[in-house]
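For chain U, the structure is supplied; the task is to place chain P on it using the hints.
If you read the sequences in order, they're chains U and P.
Throughout the first sequence, residue numbering follows the working numbering, covering 604 to 1091 in sequence.
Throughout the second sequence, residue numbering follows the working numbering, covering 14 to 459 in sequence.
Derived by calculation from the structure, the hints in this document are not laboratory data.
Built from N, CA and C at the ideal position, the CB exists for glycine as well.
Keep in mind that a hint or two might mislead.
[Stated by the list, open to error] Label pairs and their calculated CB-CB ranges:
id	chain 1	residue 1	chain 2	residue 2	range
1	U	611	P	221	53 to 59 Å
2	P	83	U	913	36 to 42 Å
3	U	611	P	96	27 to 33 Å
4	U	1069	P	185	33 to 39 Å
5	P	206	U	1091	31 to 37 Å
6	P	276	U	913	30 to 36 Å
7	P	162	U	698	20 to 26 Å
8	P	190	U	740	36 to 42 Å
9	U	934	P	249	35 to 41 Å
10	P	82	U	766	27 to 33 Å
11	U	1091	P	83	49 to 55 Å
12	U	934	P	207	26 to 32 Å
13	P	230	U	612	54 to 60 Å
14	U	634	P	83	51 to 57 Å
[What the hints assert, rightly or not] Computed from the model, here is a short list of chain U residues facing chain P with C-beta under 10 Å:
id	residue
15	664
16	666
17	673
18	731
19	732
20	734
21	756
22	766
23	889
24	967
25	1005
26	1012
27	1037
[What the hints assert, rightly or not] Some chain P residues judged to face chain U by a derived CB distance under 10 Å, without partners named:
id	residue
28	76
29	108
30	168
31	245
32	281
33	282
34	291
35	388
36	398
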Amino acid sequence: MASHDTYADTLRHAQDFLLTPAGLSSGDLEVVMSRVLGHNIDYADLYFQYSRQESWSLEEGQVKSGNRHTEQGVGIRAVAGEKTGFAYSDEIMMPALLDAAAAARAIARSGNPGSQGLAARTGGEMLCLYAPLDPLASLNDEDKVALLLKVEQEARRLDPRVRQVMASLGGSHETILVMRHDGALAADIRPLVRLNVSVIVEQDGRREHGSSGGGGRTDYRYFLTEDHALGYAREAVRQALVNLEAVAAPAGTMPVVLGPGWPGILLHEAIGHGLEGDFNRKGTSAFANRLGERIASEACTVVDDGTLPGRRGSLNVDDEGTPVQSTVLIENGVLKGYMQDRLNARLMGMAPTGNGRRESYAHLPMPRMTNTYMLAGDRDPEEIVASVQKGLYAVNFGGGQVDITSGKFVFSASEAYLIENGRIGRPVKGATLIGNGPDVLTRVAMVGRDLALDTGVGTCGKDGQSVPVGVGQPTLRIDSLTVGGTEE
Amino acid sequence: MGTITANRRDVSAEDVAAQVLEMARRHGATAAEVDTGTGRGLAVTVRKGEVETVEHHRDKNLSVTVYFGTRCGSSSTSDFRTEGLEEAVRAACTIARFTAEDPCNGLADPAQLAPIVPDLDLYHPWVLTVDDAIALAKRCEQAAFAVDGRIVNSEGASATTHESFDVYANSNGFIGTVRSTRHGLSCAVIGEDESGMQRDYEYTSSRVPADLLAPEAVGAAAARRTVRRLGARQIKTCQVPVLYEAQVAKSLLSHLVSAVSGPSLYRRSSFLLDSLGQTLFPSHIHIYEDPLLKRGMGSAAFDGEGVATARRDLITGGVLARYCLDSYAARRLNLVTTANAGGVHNLTIEPGREDLDGLLKRMGRGLFVTELIGFGVNGVTGDYSRGAAGFWVEDGALAYPVEEITIAGNLRDMYKGLVAVGCDTDVRHNTRTGSLLVERMTVAGG
Chain U
604 MASHDTYADT LRHAQDFLLT PAGLSSGDLE VVMSRVLGHN IDYADLYFQY SRQESWSLEE
664 GQVKSGNRHT EQGVGIRAVA GEKTGFAYSD EIMMPALLDA AAAARAIARS GNPGSQGLAA
724 RTGGEMLCLY APLDPLASLN DEDKVALLLK VEQEARRLDP RVRQVMASLG GSHETILVMR
784 HDGALAADIR PLVRLNVSVI VEQDGRREHG SSGGGGRTDY RYFLTEDHAL GYAREAVRQA
844 LVNLEAVAAP AGTMPVVLGP GWPGILLHEA IGHGLEGDFN RKGTSAFANR LGERIASEAC
904 TVVDDGTLPG RRGSLNVDDE GTPVQSTVLI ENGVLKGYMQ DRLNARLMGM APTGNGRRES
964 YAHLPMPRMT NTYMLAGDRD PEEIVASVQK GLYAVNFGGG QVDITSGKFV FSASEAYLIE
1024 NGRIGRPVKG ATLIGNGPDV LTRVAMVGRD LALDTGVGTC GKDGQSVPVG VGQPTLRIDS
1084 LTVGGTEE
Chain P
14 MGTITANRRD VSAEDVAAQV LEMARRHGAT AAEVDTGTGR GLAVTVRKGE VETVEHHRDK
74 NLSVTVYFGT RCGSSSTSDF RTEGLEEAVR AACTIARFTA EDPCNGLADP AQLAPIVPDL
134 DLYHPWVLTV DDAIALAKRC EQAAFAVDGR IVNSEGASAT THESFDVYAN SNGFIGTVRS
194 TRHGLSCAVI GEDESGMQRD YEYTSSRVPA DLLAPEAVGA AAARRTVRRL GARQIKTCQV
254 PVLYEAQVAK SLLSHLVSAV SGPSLYRRSS FLLDSLGQTL FPSHIHIYED PLLKRGMGSA
314 AFDGEGVATA RRDLITGGVL ARYCLDSYAA RRLNLVTTAN AGGVHNLTIE PGREDLDGLL
374 KRMGRGLFVT ELIGFGVNGV TGDYSRGAAG FWVEDGALAY PVEEITIAGN LRDMYKGLVA
434 VGCDTDVRHN TRTGSLLVER MTVAGG
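Pulled out of the complex, with its shape left as it was, chain U reads as follows (with noise of 0.2 Å):
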C-alpha cells in the first residue's frame, strides 16, 4: 500500500494548506523551532491542525438540525528530559507561534542538562491505509438528509412497536502537519464517518432502546454500499425488541461467554490502556515490570494495529509524525510489548510504535491505541457456548472504564442473554461486568475462530482526551467474571 507519490503529495497539499494562506514558509517554521530549541531540549514539535466537521441529525421522521464545526490552530512542544513545556494558538500566524514557541521552550530552564537529542526516524515511506477523501463534500446535503430518512423508514418499517427513532450521521475531514525539531516532516489527511441509529420500542407499557451505527476512514458513500446503512437500523430494532422480553441479569461470579466483534472493548479496558508506555514509564499500571511474564492463557494473542485499511482506529502517521504499526501486545500469554509516543518511548530506552496521538493541537499527545484486538483461535464458536453448564452470554456493549493502577475494569453489557445447559435462553438486562485486568486473560479457556472487528463506533476518553479507536475478538469464554445484575 505504501507509495512515495501519495506521500509527497500528501506532504505538499498539507503545507499548501496549513501554510502557505497564512504567508508561512519552511524557513519561517525553522525559525520557530530554532526558538523553542534550547542546549538542552531534547525533542520538540509544531503540530499544525485545520479540521472541518458537521453532523445531521433526525428524529420524529425529520432531520431538524445541523452543525458544522471548522477548527485550526498550531501546537508547539518542547521536552526536556521528562519535562514538557506547551503552548498552543489557534491562529496560525508568524507572530502567535513566535508567543507560544517562547513559552513552550521555558520548560527548559529547568530541564536536566544535556541528554543528547533524538535520532531522526523518518518513515521513508508513508503508508496509504486510506484516500485524502473530503466526507462533507462526498454527498451533497440533500443526499446527507434523504439518506437519515431512508434509514428511519426502514426502522419504522420493521416493526410497529417502533416508537422513536433518531439517527445521527458525522463526517469530518483534518490534515495535520507535524515538524520535528531535527527537522523531520510527515503529513496525514483525515476523513472519518459515521452514522448512528437508535431506537425507542414499547409494548404494554414497557419501553426499551436499541442502537447500532458504524464507520471508518472514508467518507459517506460508505454507507450507501452493502447495505450498512440500513444495517444499522435492523441491528438497533432487533435489540430493542430482545430488551423488550430481557428478564433481571444475574448478581456474582460465573463463566462468561463474549461475542465476536465489539465485545472486544474488553481487552481494550482490561489491557489495552495498563500497556500504553506512560503508565508502564511511571510505574503506576498494573502491568509495569511485566515484559516477557505470561499475563494471559495460552490462546491469547493480542495486538493494537493501526494499519488496517480505512478502519477507525487507524492513521497513516501518528501525531508525532511516526508510522503506524502492528504492536504485538500479548503473544501466546506472554507480555511482549507496550504502547509508546515519542516521550516515553525514548524515557525508556524503547522504539515508538506510532501510537502517539493528540485530540487537537490543543491537547499534548499520549501514548494511545489505534485498533486493539484479539487474534482467532481455533474453536467452533457454538462449541464455546455449549461448554458452559450455566453462564452469561453477551453480545453487545455499552462503554467500559478501568483503573490502571489496581487494574480492576468494567463494561456493561446491552445485550445479554444466560447460558443454561450448553444453550443459550432468556435475554438479560444490561448489566456491567467487572473484572481485574492482569489476571482475567489467564481465564481465557476458549478462542473461537470467528474474529471480527467492531463495526467502527469506538471512541476512547483518556486525560480528557477523545480519539477515534477499534476493538475486535472471536468468540471468547472467561471461565469467571463478576457480572452485576441485581438477581442473586
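Just chain P, lined up with the frame of chain U:
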C-alpha cells in the same frame, strides 16, 4: 517565566458577537443567536518532585444558530477573522436550507430574557507565575508522600488557573456577558503494600484563589484516601444498604436531571415520563437550583439562551415539582422554559442533620462507596449497574476496603429508598450534595 494577567476589558468578543448577528441578518436569517467564549489559563503538573508539564492554554470559540422562519442551522469556529466568521455564518445558513420546519424552533420569548445581569462575583483572577504554580504543586505532592511510607509513587500534583469571558447575544437585542475564573489544586498518588497498588486523589477548586484548600491539606487527603484502600478485596454477592460518599453521590442527581430534561421527555426515552407531581423520593427530600449563589461553581444569571434564572425547586417534599426545560423543549411539551438551556445551575439537595459518621452509624452494616466506574445506567428503564470500590461497613464503622464489585438496582427504587442525606455537602461542583444513603441494592461480588 510567563504570568497570567487579566485583560481588563475584552471588548472584541462583544463586537464579534454583534458582527456575527449582523452577518446572519444580511444572509437573510429571520433570527439568530451567538455564543462566544475566550479563555486563557495555566496548568502545571509536578511528579515525584520534578516538573512534568507546563501548559499554557488560550482558547476561543464562537457558535452561531440561524433561523429562517422555523428552520434552523448552526455552526462553530475558532477563526475570529472576518472571513472565518463569514464562513461560519454561511455554513449555518446552508444547513438551515436543508433542515425541516419545526414550529418549536426559535429564540427564547423576549419577556423571559434576563433584564439586568447581576454580578455573581465569579471573577477573581490569580496572578500565578509558573514558578509559583510549580511551588504549590510541589508542596501538595510532598505532603502526600509525608503521610505514609506506603505512598510509593505518584501520578502528580497540579495547580491550574483559568479565566474566561463569555458572551451570549441574540437578534432580539439581548446581550449578556460573563467574566469568570476557576482555579484548582489536585493530587493523585499511588500506595503499595504486599497486596498490590491502589490510587486515589483529592482536589480543591474555587472561583477565588484564597478559597482553595491549602496544598498540604489536599496532598495529605489524597494520601489518606489512597492508603485506606490498600488490601481491598472482593465481597460475596449480597443485598445491603449502600452509602454513596458525597463526591460520587452527585452522579445520582445527574441521572435524575437527565431523566427529567427536555430531550429525554419529548423523545419519550426517560424512565420518569409523565411523573410531574409524582412522589419520587421520601418526603424529607428537597432538591432545588440555586443559580444566583455568589461565587458558586455553577452560578449563572441567565441560561444558554438569555432566559433569567431564579432559585427553583425541582423536588419538593419528595415530589417532582417541574421538569428541566429550555425554550425548545418547553414548546414541544406545551410548558414554560425553566431556564435550563445548557443545563442546571448549582443543583442542590438540602442537607440532613447527620455527618458522614452519623450516616455510617445509621447504616450499621453495608457498603460505603467511594468510587464508581463505568456507564451502566439505562436512562430509558432506570436500570442501574455500575462498578464500585469502597469499604465494607460493620457496626457503623469502616471494616475493610472492597473492590471488584458492582452495585445494581433501578433508579426509581433507589430514589424511593433514599433514606438520608448527609450534611457533608461537596461544594466543588455544579451539583451540590452530601453523602447519600440508599436503603438497599444488589452488590455483586465473588
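Would the hint on residue 666 of chain U be counted as holding, given a Cβ-Cβ threshold of 10 Å to chain P? holds, 6 Å
Minimum beta-carbon distance criterion (10 Å), residue 1037 of chain U to chain P: holds, 5 Å
Regarding the hint that residue 398 of chain P lies at the interface with chain U, is the smallest CB-CB distance below 10 Å? holds, 4 Å
Holds or violated: is the Cβ of residue 108 of chain P closer than 10 Å to a Cβ in chain U? holds, 4 Å
Can the suggested window of 35 to 41 Å be confirmed for the beta-carbon pair residue 934 of chain U and residue 249 of chain P? Holds, at about 36 Å.
Does the interface hint hold: is residue 732 of chain U within less than 10 Å of chain P, judged Cβ to Cβ? Cβ of residue 732 of chain U sits 28 Å from chain P, so the hint is violated.
For the hint on residue 76 of chain P, just tell me whether its beta-carbon gets within less than 10 Å of chain U. holds, 8 Å
Mind checking the hinted window 36 to 42 Å against the Cβ distance between residue 83 of chain P and residue 913 of chain U? This hint holds: roughly 39 Å between Cβ atoms.
Holds or violated: the 49 to 55 Å window for the beta-carbon distance between residue 1091 of chain U and residue 83 of chain P? holds, 53 Å
Residue hint residue 281 of chain P, partner chain U, criterion CB-CB below 10 Å: Holds: closest Cβ of chain U sits about 6 Å from residue 281 of chain P, inside 10 Å.
Against chain P, run the beta carbon of residue 673 of chain U and see if the smallest gap drops under 10 Å. holds, 4 Å
Against chain U, run the beta carbon of residue 245 of chain P and see if the smallest gap drops under 10 Å. holds, 7 Å
Going down the numbered hints, you'll see the structure goes against 7, 18, 19, 20, 21 and 34, while the others check out.
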